[in-house]
Amino acid sequence: MKMRNLLVGLACVLGTQAPLLAAPASPTPDLFALRVGRAETVSQGTIEHAVILIENGKIVTIGQDLEIERGIRVIDRPDWVVTPGFVNCYSRAGMSSSGGSGTQPSVQASTELYPRQPIYGELLAAGVTTLGLYPPGNQIPGQAVVVSTAGDSLESMVVREGAYLKVLMQSNSKSKKTLRDGFGKADKHLEAVTEAREKHEKAKDKYDDELKKWKKYDDEEKAKKKEPVDPGDFLEPEPDDVAGAFLDLREGELNAMFSIRKAGDYLHLIDALDEEQLSWSLRVPLRNDIDLYEVAEKLGADERRVVVEPRLTLMPWTARERNIPAELDRAGARVVFIPNGDDLVNQEKWRHHVGHLVKRGMDPQAALAAMTHEPAVLLGVDETLGSLDVGKEATMLFFDGDPFQASTSLKAVMHAGDFVEEASAQ
Amino acid sequence: MKTMKKQLIGGALGLTLALSFAAPSLALRVDDHEEDAYLAIVGGDIFAGTGEVLRGATLLSKNGKIEEIGYDLLLPDDCETIDAHGMRVYPGLVALSATTRLTQGTFAAGVEIHDFVPHEEHAEICGDCGKSFEEVVPPALDPGEFSTEHLAVDAFRTDFDDSFDPFSGYMVMALGNGITTVQQSSAAVKLKRGDISGVSLSEKTLTSQSWSGSNPAGKADLREKFRLATEYLADYRRWEEAVKSDKELKEPSKKGIDGRILDILQGRTMARFSANDRDDLLGIARLAQQFKFRPVIQGCVEGWTVAEELGRAGAYAIVTPRTRRDRPETTTYAAGSSIENAAILTRAGVQVAVVPANTSIDMGGISGRDLLSLPLEAGFAIRGGMDERSALESITVIPARLLGIDHRVGTLELGKDCDALITDGDLLHYQTFVQYTVVEGKLVYDKQEEVFYSHIRPRPEAVVDPGEEVSDEVEPVEAEETVEEVVEEESDEE
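Protein sequences, first through last, are from chains A and B. Following my numbering, the numbering of the first sequence begins with 14 at its first residue and continues without gaps. Following my numbering, the numbering of the second sequence begins with 2 at its first residue and continues without gaps.
If you're looking for bench data, these hints aren't it; they were derived computationally from the structure. The C-beta atom is built at its ideal place from N, Cα and C for all residues, glycine as well. Watch out, some of these pointers could steer you wrong.
As the list claims (entries may be wrong) - In the DMTMM-like style, the derived pairs of lysine to aspartate or glutamate whose C-alpha atoms are separated by at most 20 Å in a straight line are:
hint: 1; chain 1: A; residue 1: 311; chain 2: B; residue 2: 252
hint: 2; chain 1: A; residue 1: 190; chain 2: A; residue 2: 288
hint: 3; chain 1: B; residue 1: 443; chain 2: A; residue 2: 288
hint: 4; chain 1: B; residue 1: 443; chain 2: B; residue 2: 196
hint: 5; chain 1: B; residue 1: 443; chain 2: A; residue 2: 310
To be verified - Far from chain A, some chain B residues (derived; all Cβ distances over 10 Å):
hint: 6; residue: 164
hint: 7; residue: 169
hint: 8; residue: 196
hint: 9; residue: 246
hint: 10; residue: 292
hint: 11; residue: 330
hint: 12; residue: 349
hint: 13; residue: 370
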C-alpha cells in the first residue's frame with residue numbers, strides 16, 4: 014500500500030499545508046515492534062508500557078512490557094500514547110452536497126467518490142483514518158461506503174460498500190409511509206416469488222403429463238401435434254430496488270441508519286417499524302434544545318447505537334447545559350461520535366470537542382470508543398478496524414499525551430503498519 | 002360499534018381496556034401479562050364537571066379509565082397515589098382551535114439551529130392517511146340527539162397519530178395549565194406525554210359554513226342547498242319505504258346535493274358558522290330551526306341580544322368573554338359586545354364553549370390572552386354572571402361535545418378517560434395553579450418538577466391532621482447523635 018508523505022508535525026495537523034502524494038521516506042520493515050508509554054486499546058482497556066508487534070500491517074501481539082526477540086526492529090517511543098485510528102462514520106468529505114428526494118435504496122455513495130482529493134490526505138493527517146461516506150438527499154437516498162483516507166485509488170480507498178442504508182425519518186405520515194411501503198413492497202415481492210414458483214410447478218407438471226402422452230404417440234400423431242416445451246428450471250424473479258433493499262434489511266444483510274430530529278421521532282420510528290426485525294442505528298443532530306434525553310432510557314435498554322456530535326446542549330426553555338452523549342452512555346446506549354462539522358477544522362478539533370464532554374462527566378473510555386470501535390461496528394468494519402487487538406489492522410494514532418487534553422498533539426499516524434508522517438517515522 | 006369490536010379483540014388477547022384504544026400494531030406488541038395500572042387521587046374535593054362536588058373524596062383510575070369515585074375506597078396494593086388533600090380535582094380542559102405547534106414540531110418551532118445534515122428539511126406535516134372520512138365515520142344517528150358521541154371513532158388513524166410530538170414543551174405548558182385535549186385543525190387530540198398511541202380521538206366533526214349579511218347571494222345559496230338536501234332526504238325515506246313493495250323503484254339521485262350539507266342534516270358533522278352580528282345570528286338560528294340542525298356559532302359577540310332565538314335553535318356558541326365590540330352609533334337596538342354574553346346565552350339554553358382571544362401558545366406579544374389563559378377566560382364569563390358550573394362546562398364537556406368526544410372526556414364519570422387536574426384552589430380563579438395533571442391515568446405534569454411555574458408560590462403543605470400535636474421544637478434525630486447533641490447544646494444556651 015502506498016503512503017502519503019506528510020510535512021512536519023503540527024503545521025500539517027493545522028492544515029496549513031496540503032499533503033503530497035509520494036513514496037514513504039522511510040518504510041517500516043515487514044516485522045517490527047512498537048514500544049510506547051501507553052496503549053488505549055478500546056477493546057481491552059488501557060495497557061501501560063505497551064509493546065505492539067506488527068507484521069505485514071497487522072497487529073500480531075499486544076501486551077504490557079513484552080519481551081522483544083532479538084533481531085526485531087524496535088521503535089521506541091516511551092512518551093507516546095497510542096490509540097486506534099479515528100473512524101468518522103457519517104461524512105460527505107470530498108463530495109458535493111446536492112441531493113434530491115425520493116426512495117432510491119440501491120444508490121451507492123461510492124459512485125460519487127473521487128480519490129486523490131487533498132481533503133482525504135488532510136483528514137488522515139488529522140487522525141481520521143476511516144470515513145463512512147453517505148449519499149445525500151431526503152427520505153431514502155441510498156447506501157454509505159466505507160473508505161480509507163490513506164488510499165489513493167478507488168481500489169485502495171473503498172473498504173466496504175453498502176455499510177448502511179440512510180433513511181430520513183420524521184414524525185409525519187410521509188416518512189412512516191415510506192418505511193411501511195418499503196416493507197410492503199418486500200412482502201409483495203415474496204408473494205410474487207411464491208406465485209411464480211407455483212405457476213412454474215404447475216407448468217412443470219403439465220409438461221411432464223404432456224411428455225408422457227407425447228412419448229406414447231406414434232410418428233404420425235407426433236407430426237400432427239406440437240412437441241411439449243420444457244419450462245426449464247425455476248428462475249426466481251429479481252426484486253426491484255426498493256423491495257431488494259428492504260429484503261436485505263430484514264435478512265440482516267444491510268443495516269439502516271435512521272436520521273431523526275427529536276425524541277418524538279424515535280417513538281414514531283418504533284411505531285413504523287412495527288414488528289420488523291432489523292439492525293439499525295440512530296442519527297440525531299444535537300440541536301441546542303434537543304429533547305433526546307426523553308428517550309435515553311429506551312435507547313439504553315436497546316443498547317442502540319446513536320450517532321451524535323460531541324456537543325453540550327441546553328435543557329429546553331433554560332440555559333442549563335446538558336451532556337446528552339454522557340447521559341446516553343450512562344443509560345447503556347452506544348454513543349458514536351462524529352465531528353461537529355464536515356469541514357477540516359471540525360474534524361481536526363474532533364478529539365478536543367469530545368474531550369470537552371469528557372471534562373463534563375463522560376466516561377473517557379466510552380468517549381474514545383465512540384470515535385473508534387463503535388463507528389467501526391456501525392460500519393461493519395470492526396473485524397479489522399477500531400481497536401488495538403491481535404489480528405486487527407495496525408492503523409493507529411500516536412499522541413504525546415492524553416488525546417483528550419487540549420495541549421496534547423498528534424505526533425504520528427500509522428496506516429496498516431506504515432507511518433504516514435515522515436518526521437516521526439523512525 | 003367499531004370501538005366495541007376493538008375492545009372485544011383486545012379482551013381476547015388478554016390486553017387491558019385502555020390498550021384496546023391504542024393502535025393495533027402497538028397493542029399487539031405489549032406483553033400479554035401486562036398488569037393493570039392503578040392511580041388514585043386521594044382526598045381532594047372532586048368537581049366532577051356534572052354539577053356534583055364530592056368533598057374529600059378519592060378518584061381511582063384503572064388502566065386510564067375512571068374506575069371509581071367515592072369515599073373509603075379499597076385501593077389495590079400497587080396503586081400509585083397522588084395526595085390531593087386540601088386541593089381540588091377537576092376534569093381536564095378541552096381547548097378548541099388550538100394551533101398545531103402544541104402537538105407537532107420541535108421546541109424551536111421552525112427554526113433550524115443546526116444545519117449539519119444536508120437536505121433534511123421539515124417535510125410538510127400532513128400527508129395522506131389513506132382513509133376517506135366516509136370510511137371511518139359510522140352511519141348517522143338521528144340528528145338533534147343531544148350527545149354527539151356518535152361522531153367519534155376510536156379505531157382510526159389520522160395524520161396526528163403519525164406526527165404527534167409526545168415531548169413537545171408547548172404541550173407540557175398546556176398540560177400545566179390544565180389542558181388535556183385540544184382541537185388541532187379538524188381533529189381532537191389527546192395530549193399524551195411520552196406516548197404516541199391513540200392520540201387522535203375524533204376527526205372532522207365540524208364543517209365550516211358561511212352566513213354573512215355582506216353576502217346575500219351566499220345566504221340564498223346555502224338556504225337552497227339545505228332545501229335540496231332536505232328534499233333529497235325526504236325522497237330517500239319515501240323510497241326506502243316504497244322499495245320494500247316495489248323492488249324496481251330507483252333510488253333518488255344524489256345529483257346536485259351538497260354532500261357536506263347532507264352530513265350536517267344526517268348528524269355526521271355539525272355546521273360551524275363564524276358570525277357576530279345580530280342579524281346574521283338571527284338568520285342562522287332561523288335556518289337551523291327550519292332545517293332542523295344544531296348550529297355551532299363561533300364568535301357570537303352579539304348573541305346576548307338574540308339569545309332566546311339561539312336557544313330555541315339549540316345552538317352551540319363558541320365565545321370569547323373578553324372580546325370588546327362597540328355598539329354602532331347608528332343602531333337603535335341593543336348591539337355590540339357584553340360581558341354578560343356567555344351568561345345570557347347559557348340562561349337561554351345555548352350551550353356555550355369558551356376560547357381565549359388567541360388560541361396559540363404565545364411567548365411574546367400580549368401574554369395572558371393566549372391558549373394558556375383558558376380557565377381565566379371562563380373566569381371572565383363568571384364575572385359576567387355565568388354560573389360556575391356552566392363556566393366549567395364551557396371549557397370541558399361542551400367543547401368535548403363539539404368534537405364528538407364527550408363520551409370519553411369533559412367530565413369525571415365512571416368509565417370515562419381519567420383526565421384530571423389537581424389544583425390548589427378554584428380552577429377559574431386567577432390565583433390558582435394546576436399542581437398535577439393526569440392524562441389517561443398517568444401523571445404527566447407536576448408543577449414542582451417542571452421549569453415553568455415551580456418557582457411561583459410553591460405547593461402548599463399538606464393539611465395537618467387536627468388530632469396531631471404541632472410543636473415548634475426541633476425533634477431530635479435518633480440515628481445521628483451528633484445532630485442531637487448540637488440541638489441540645491443550642492437549646493441549653495438559650
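These are the hints, each one checked on the structure:
no., hint, verdict
1, 311(A) with 252(B), "57 Å, violated"
2, 190(A) with 288(A), "15 Å, holds"
3, 443(B) with 288(A), "26 Å, violated"
4, 443(B) with 196(B), "11 Å, holds"
5, 443(B) with 310(A), "18 Å, holds"
6, 164, "5 Å, violated"
7, 169, "7 Å, violated"
8, 196, "8 Å, violated"
9, 246, "48 Å, holds"
10, 292, "36 Å, holds"
11, 330, "48 Å, holds"
12, 349, "43 Å, holds"
13, 370, "21 Å, holds"
Figure legend: structure checked against the earlier numbered hints; hints not met, in rising order: 1, 3, 6, 7 and 8.
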